[in-house]
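Asker: On the provided structure of chain A, position chain B as indicated by the hints.
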Amino acid sequence: MNGDFHYYATYCASVIAGYSHEEALKICYSANLVDFCSRTFLRTVGGPLSAATTQLQSELADVRTDILGLQDITRIWASFHFLPRNLNALVKRGTRTYRNKYRLICGPNGELLKAAVELAKGKGYEAAGLAMHILADTWAHMYFAGTPSLVINNTDYNFRELIPCESGFENRPVVFSHNPAAADDPETGRYTASLYQVSENSIMNLGHGRAGHLPDYSFMRYIYIPAWNEYREILKDNPSDYYHAFTQMVYALKYLRSEDGIFETDIYDTESVKPYEEKIMDILTVRRISSADAWQEFGESLSGEKIPAFSLMNYQKEYREAENGNKENTCLGRFFVAAMSQKSMVTSRIFSTGSILAGRSIDYKVEGLRGIRDYWQIVGEELGVGKK
Amino acid sequence: MYEVKNDNLNTELRKYQNLLTVSGEGIILCGLWDALKAILGLYYGQENIYKLLESVDAEIDRSIAVAVVTVIFAVTALLVFLLHFGAGIGAVKEGKGKKKGNVYLVLTLIIMAFAVLAVAGQISRLPEIPQLAVLMDMATAFICIEVFVGAVVSRRLKKRIGKEGQQ
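From first to last, the protein sequence lines are chains A and B. Under the working numbering, think of the first position of the first sequence as 67, with each following residue one higher. Under the working numbering, think of the first position of the second sequence as 7, with each following residue one higher.
A hint or two may mislead.
Stated by the list, open to error - No more than 25 Å apart at the CA atoms, straight line, and that leaves these computed lysine-lysine pairs for BS3-like: (1) B:Lys11 with B:Lys169; (2) B:Lys21 with A:Lys302; (3) B:Lys21 with B:Lys106; (4) B:Lys99 with B:Lys21; (5) A:Lys320 with A:Lys340; (6) A:Lys302 with B:Lys11; (7) B:Lys21 with A:Lys158; (8) B:Lys21 with B:Lys105; (9) B:Lys169 with B:Lys104; (10) B:Lys164 with B:Lys106; (11) A:Lys187 with A:Lys431; (12) B:Lys57 with B:Lys99; (13) B:Lys165 with A:Lys302; (14) B:Lys11 with A:Lys158; (15) A:Lys180 with A:Lys302.
Said to hold, decoys possible - Ranges of calculated distance between the beta carbons of each label pair, as one might list FRET restraints: (16) B:Leu138 with A:Pro230: 21 to 31 Å; (17) A:Gly327 with B:Lys164: 46 to 56 Å; (18) A:Glu232 with B:Lys104: 19 to 29 Å; (19) B:Val155 with A:Glu232: 38 to 48 Å; (20) B:Val28 with A:Gly437: 36 to 46 Å.
Please keep in mind that the hints were generated in silico from the structure rather than gathered at the bench. Note that the structure is predicted; figures quoted are calculated from it, not measured. Think of the CB as a built atom: it goes at the ideal place given N, C-alpha and C, for glycine as much as any other residue.
Just chain A, with the same shape it has in the complex (with noise of 0.2 Å):
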């Protein structure tokens, strides 16, 4: 998904969850700031690196895809914008690396997903913004995993993009350019993705770059056939998808929003989107790389506010001045320990598995205050224990 989505449409779920104009604002931002805040952002704001919620292009290049460097990505890209489906899920034949790595593919509705919803309730809008960012997430990355590899994450010349037309929709195969510098152009069908690399782990083969910004586009359908699917297509349905996922977001805001309550998954808020369900689709369905001005219209007529634009400068000063000791209490510092809380259930959970894909993970309980030093302020006074 694009900033249009995480940022404006946040906003507008929000809004029509309850929450105030000024509430929305700090939901939507920290549910974009989810596809800025890299090492190279968190370095420039004195912030812990272990909050890295993304890569940026840069980053990437100069990655290591050793055991640690492998970790590293996949604690990052499965934790925030690939949150595995089914940790449990069973392969009839294949290597246990094989199983690992099936397992982590995206998809909606997942134990984990409830998990991180559930992880967030009672930490501030920060937690929240970055829930929904997870969340909506699940929907336009279904079928990809956050790690590099290329026996799940590729996608061959039977990739086609279905357009509507006056008898339906057109059925045209998509042309993939390998430029990073050129412009994805829906009228000719010609999108960029990654390029093919026969190297299981390369980089070029995390998430979703074989298939280029397709997922990550409202307005598209397409057809194609995984390569972990064992020759059956899959048609990716990104309007129905994109609906779901806002009615989705809505329902996991009031529940955020609650003082008690559950939160259960595949259960959508269609009832209180219902009013705007034209209008979203409207919007969803245009074929345009980016909606952002649409939602952020949208948005305005929701709250009657003007909704400013996304700017990585917000809160960087209050964050820089804040004294030590007292930076979590910042917007940007509770977003910090939110990544960090999110980053670490989820690389346990995947540990608890049997797959050192994301890394080990300790229980402090029992061994006390070991490991990557971040987090131990999550942890430390929650538990009351001390470094061994």
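Answerer: The following block gives chain B in isolation, referenced to the frame of chain A:
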């Protein structure tokens, strides 16, 4: 919107079409290997060529003779590659559902016959012959079989799908 066809027949068809595509690409690679082998044969077999020329009674200008032999080797290498390329590209096209033809199957049969004859001739002289060359010829024959399997089975499956679609 679009009816996803994931029944057994269609998934099997995709599997065998994929086999055809991959095998076609394999034949092209084998063609490159054979062409390279011919060129390497010329380069490393110069002594044998000179001996051959010396055994001829007629007086021949040595440089012209070398040039003629080189051209013969180059043309042979090119023909060998084109033979493989024609067979391979035909298989790839049919595998991708673009074009169906029988010419590439005939070419594949010729390549397989050469490969089988080469393996049969080499096995008896195995200690003298590089093992890699024998293995490559065996692999070529195996890939040719895969092309036939891919082509025959995918055509049968297409017919069955067509018939079931009409019913």
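Asker: Which numbered conditions among the earlier hints are violated in the structure presented, ordered from lowest to highest?
Answerer: Of the numbered hints, 12, 13, 16 do not hold.
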